[in-house]
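J.: Each chain, letter by letter, is given below.
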Amino acid sequence: MNPTQPTQFWTEADSSSSCDVLVIGSGAGGAPTAALLAEAGFDVIVVEEGKWVEQGSVAPFSLEQMDQQYRSGGVTVALGLPSIAYTEGRCAGGGTEVNSGLYRRPPGEVIERWRDRWQINELDPDSLLSIATEVEQAIHVTPLPGPASKPSELLRRGAESLGWQFDESPRWMKYPNNDVRQGQRQSMTRTYLPRAAQSGARILTNCRVNKLHMKNTSATSAEVTLGTGKTARISFKYVFVCGGAIQTPAILQRSGLHKNIGNSLAVHPTVKLAARFSEAINIPDDVPVHQVKEFAPDLSFGGSASHAGLMALALLDQWSQFGSAIEQWRNMAIYYAAITSVGRGRVISVPGLKDPIVTYRLTRRDRELLRSGLSRLSLLMLEAGATEVFPSFRDAPIVRGRNDLTQLQNSFNAMKASVMSVHLCSTVAMGENRALCGADSFGKIHDTHNVYVNDASLLPDAPGVNPQASVMAIAIRNIRHFISHEKRNV
Amino acid sequence: MQRAPSLHFLVHPTALSILRSDLPKVSADVAEQAANFTVRRIRTLPSHMRIGVTMIAAAVRLIGGISPEQFVVRISHTHLPLISEYFRLIRSLSYAFIWETWPDTRHDGSTSDGSHL
Ligand SMILES: Cc1cc2nc3c(=O)[nH]c(=O)nc-3n(C[C@H](O)[C@H](O)[C@H](O)COP(=O)(O)OP(=O)(O)OC[C@H]3O[C@@H](n4cnc5c(N)ncnc54)[C@H](O)[C@@H]3O)c2cc1C
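First to last, the protein sequences are chains A and B.
Sequential numbering from 1 applies to the first sequence in full-length UniProt numbering.
Sequential numbering from 1 applies to the second sequence in full-length UniProt numbering.
Bound conformation, chain A alone:
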């Protein structure tokens, strides 16, 4: 068997199957959960709604990738004033297959805040960070083996010129022949999912879990829909719901579990701009590795994928004034300002609708941070040598010098901006604080016997850094705790 391929153990004739542990979702939370359980000898089935897409078979950041590896083609929105566009991976490996691969350890003070406010037992920064070290080895976290791309260097140059703190974010990548342009993302289909399969886990792709069947406080089986549309049932002793911060609460709500489920969505909202330089700088298929952290954790700056299609989107809100810049897209790159929001959102599963409704409310402080973030980011780009900056909001001015920043500040309104987020978490916070938490200190849903969550939903609030490392470290901590307590029961 090729260990990078899912085991196709399920035939169309099957209408049921069973296992010790069902893992729903194969992303940053689900894949390590499945691997560690299988390696500990549990009989595991992983059910993944998306398909298995070999890395390199679709162009990164392309519309085809959106079609194949994102939920709803990447067009999903949290309703609010303003609405926030968000994206979720939907494929084997989840978000880890499509994301930028920028690695950030969970900050020690964030772990302490989570422990104290949400009352998480046995959450200790040192041991979580030592798990992070293991993750770094398992997914090969490494700095670039050579010089960064031009858009990345420009971020660095702007920050240096302003005396602002910046650094290079390492990535989960392998670089054959130390070639920075040949990076191969060490996502879950390259790391933890093959490990799970090698230890006997059965991985079923193209299969969606609709809901869990509950009997009193225990779940007994899951109703699934196969790629062909046929429904079937998988029974289990334990279930780990790892569908990501939007789908996990939706699955739980459809199963009748509601207490503190889905009412505390946290995200890192971002606003963006396009910056034009006097020479060709665009790298269509990669993102900058430098991040500017001078105002962190409230505010961070970084770069986005910038091919011509995405550039057209960045200029869209002011097309009549900005549109002609698209002809210079090779001299341009897109940058973002991300904030650590204190607003919250909801995930609401409505009977009869397949997808949950998602809402998000930015606070006044969040809106102000977005305004100052976009203004500071524009300044950063001017210092980096941009000749023109095109902020992405309706009625935005073209920024050509520092004098234009006041006009930018005055005309910005979050309602006019295209706000988006790719970092979603906190919809089933973990901890013993029953007023806030849907799950206990190790991810078991309160007042159930065998229903666990183990993904981004558990993070009590937005970590203020790229979250995948936090998601993975928490998932591994929780699964080790589970194995040490439940091994004798199966």
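Calculated directly from the structure, the hints in this document are not laboratory data.
Certain hints may be false.
[Unchecked claim] Here are the simulated distance ranges between beta carbons: (1) A:N177 <-> B:T111: 36 to 44 Å; (2) A:E134 <-> B:P24: 53 to 61 Å; (3) A:D298 <-> B:A28: 46 to 54 Å; (4) A:N410 <-> B:P24: 27 to 35 Å; (5) B:I83 <-> A:G146: 44 to 52 Å.
[Unchecked claim] Over 12 Å on every C-beta distance to chain B, these chain A residues come out as not near it, computed from the model: (6) D286; (7) E383; (8) D447.
Here a beta-carbon is modelled for each residue, glycine too, at the ideal position from N, C-alpha and C.
Take the given structure of chain A and dock chain B with the ligand to it, following the hints.
T.: Structure of chain B with the ligand alone, referenced to chain A:
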């Protein structure tokens, strides 16, 4: 199975009108491909968004009456919540499609050699 053709009927002409107005030199073929792509993508929206889009699209078609093209062009620059988001969705999808497929398209929809072929 009824929903798919009706979504095409509701959204496709609106997308074409917007593209012809925003990008006056876009070729008929490119506009047609972009509008088809837009409809395909709208079909895969989450269920509640698809329902919302269908309702707004139907209202736009209904109110547009006998000169839908002029009406769409006028209203497509509105700032009213929801309605503006519908037009923004159409523009986002079709612009992304056009510039990803033909990156050297000019801002008026033309190409340097005068065609997209
Ligand atoms: C475009 C993008 C860029 C990002 N960049 C970075 C970055 O640079 N660094 C970083 O640290 N983080 C980044 N992130 C965030 C990171 O990818 C997520 O935090 C992480 O993947 C969350 O892990 P998860 O397990 O909670 O969910 P996911 O990784 O999203 O996995 C959930 C899986 O569950 C499956 N699923 C959902 N519902 C069901 C169901 N009903 N039945 C079966 N399967 C289901 C989904 O298809 C999906 O595969 C990015 C995310 C995106 C989308």
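J.: Beyond 12 Å from every Cβ of chain B: is that where the Cβ of E383 (chain A) lies?
T.: Holds, because the least Cβ-Cβ distance between E383 (chain A) and chain B comes to about 28 Å, which exceeds 12 Å.
J.: So D447 (chain A) supposedly isn't at the interface. Is its beta-carbon more than 12 Å from every beta-carbon in chain B?
T.: The claim stands: D447 (chain A) keeps its Cβ more than 12 Å from every Cβ of chain B (closest is about 29 Å).
J.: For D286 (chain A), which was marked as not at the interface, is the minimum beta-carbon distance to chain B over 12 Å?
T.: Holds, since 16 Å exceeds 12 Å.
J.: Please check whether N410 (chain A) and P24 (chain B) have a Cβ separation lying inside 27 to 35 Å.
T.: Because 32 Å falls inside the window, the suggested range holds.
J.: Range hint 53 to 61 Å: satisfied by the CB atoms of E134 (chain A) and P24 (chain B)?
T.: holds (58 Å)
J.: For the hint 44 to 52 Å, verify it against the beta carbon of I83 (chain B) and that of G146 (chain A).
T.: holds (49 Å)
J.: Just tell me: holds or violated, for the beta carbon distance of D298 (chain A) and A28 (chain B) against 46 to 54 Å?
T.: Holds: the Cβ-Cβ distance is about 49 Å, inside 46 to 54 Å.
J.: Has the hinted range 36 to 44 Å been met by the Cβ atoms of N177 (chain A) and T111 (chain B)?
T.: holds (37 Å)
In summary, this structure violates none of the numbered hints.
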